[in-house]
Amino acid sequence: SQQGEEDPQALSIQEGENATMNCSYKTSINNLQWYRQNSGRGLVHLILIRSNEREKHSGRLRVTLDTSKKSSSLLITASRAADTASYFCATDSQGGSEKLVFGKGTKLTVNP
Amino acid sequence: NAGVTQTPKFQVLKTGQSMTLQCAQDMNHNSMYWYRQDPGMGLRLIYYSASEGTTDKGEVPNGYNVSRLNKREFSLRLESAAPSQTSVYFCASSFKERGYTFGSGTRLTVV
Numbered sequence: 128s129q130q131g132e133e134d135p136q137a138l139s140i141q142e143g144e145n146a147t148m149n150c151s152y153k154t155s156i157n158n159l160q161w162y163r164q165n166s167g168r169g170l171v172h173l174i175l176i177r178s179n180e181r182e183k184h185s186g187r188l189r190v191t192l193d194t195s196k197k198s199s200s201l202l203i204t205a206s207r208a209a210d211t212a213s214y215f216c217a218t219d220s221q222g223g224s225e226k227l228v229f230g231k232g233t234k235l236t237v238n239p
Numbered sequence: 007n008a009g010v011t012q013t014p015k016f017q018v019l020k021t022g023q024s025m026t027l028q029c030a031q032d033m034n035h036n037s038m039y040w041y042r043q044d045p046g047m048g049l050r051l052i053y054y055s056a057s058e059g060t061t062d063k064g065e066v067p068n069g070y071n072v073s074r075l076n077k078r079e080f081s082l083r084l085e086s087a088a089p090s091q092t093s094v095y096f097c098a099s100s101f102k103e104r105g106y107t108f109g110s111g112t113r114l115t116v117v
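For the record, the sequence lines run as chains X and C. Per my numbering: the first sequence = residues 128 to 239. Per my numbering: the second sequence = residues 7 to 117.
These are computed hints drawn from the structure, not numbers from a lab. Mixed in with the good hints there might be a few duds.
Unchecked claim - Here are some, though not all, of the chain C residues that point toward chain X, as calculated from beta-carbon distances under 10 angstroms:
id, residue
1, Gly46
2, Leu49
3, Gly59
4, Thr61
5, Asp62
6, Phe108
Said to hold, decoys possible - Now the stretches of chain X that chain C is said to cover, found in silico as 3 or more residues with beta-carbon under 8 angstroms:
id, region
7, 142–153
8, 188–202
All figures in this text were calculated on a predicted structure; none of them were measured in a lab. We treat Cβ as the ideally placed atom computed from N, Cα and C, and that holds for glycine.
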């Protein structure tokens with residue numbers, strides 16, 4: 128069963144705008160990760176945030192984590208056409224396994 | 007670095023045929039995984055291996071078997087393919103909290 132669920136399912140914006148995607152999950156976690164998947168390709172790891180962290184930045188990416196609400200958000204600032212992709216959140220469990228459960232993804236389209 | 011290499015990239019099988027999907031990683035990762043991705047379903051874990059010599063079932067293991075041949079290689083076998091196994095299969099590997107590295111996928115069609 129899916130642990131994380133992304134919202135919205137699809138998002139279309141103009142180049143230069145910010146894109147925000149949300150992820151909700153059900154059980155306690157050690158960390159939450161975000162991945163990008165370009166059409167027809169494998170997933171690429173973007174960022175990992177641990178359960179004791181509230182915010183993390185990487186270039187134009189900003190991730191927040193609210194463990195009390197069991198939710199996370201991914202913000203892409205100043206989006207580019209090359210950011211067009213599907214974005215997935217993934218969560219582990221507190222059992223110590225590195226096994227991840229992925230959400231169904233948000234499909235982002237950035238129009239030039 | 008090649009990362010994670012999956013073969014083949016595409017395959018068409020007839021119902022009842024068998025095949026093995028190969029996966030190899032050159033990053034000395036302990037953990038390896040097989041996921042399937044279906045439209046609207048995200049990725050679902052089929053099997054994983056936390057270390058050489060160990061394998062465990064994931065969310066959707068029925069109809070599949072795996073072998074962790076050594077630290078580098080983790081293969082997925084379909085003994086008797088069914089149309090419901092038409093999917094894109096991804097292999098991945100990881101080491102502690104450094105995120106997964108994925109292969110480019112195998113697109114399998116069972117007719």
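If you test the structure against every hint from before, which numbers come out violated? 3, 4, 7 and 8
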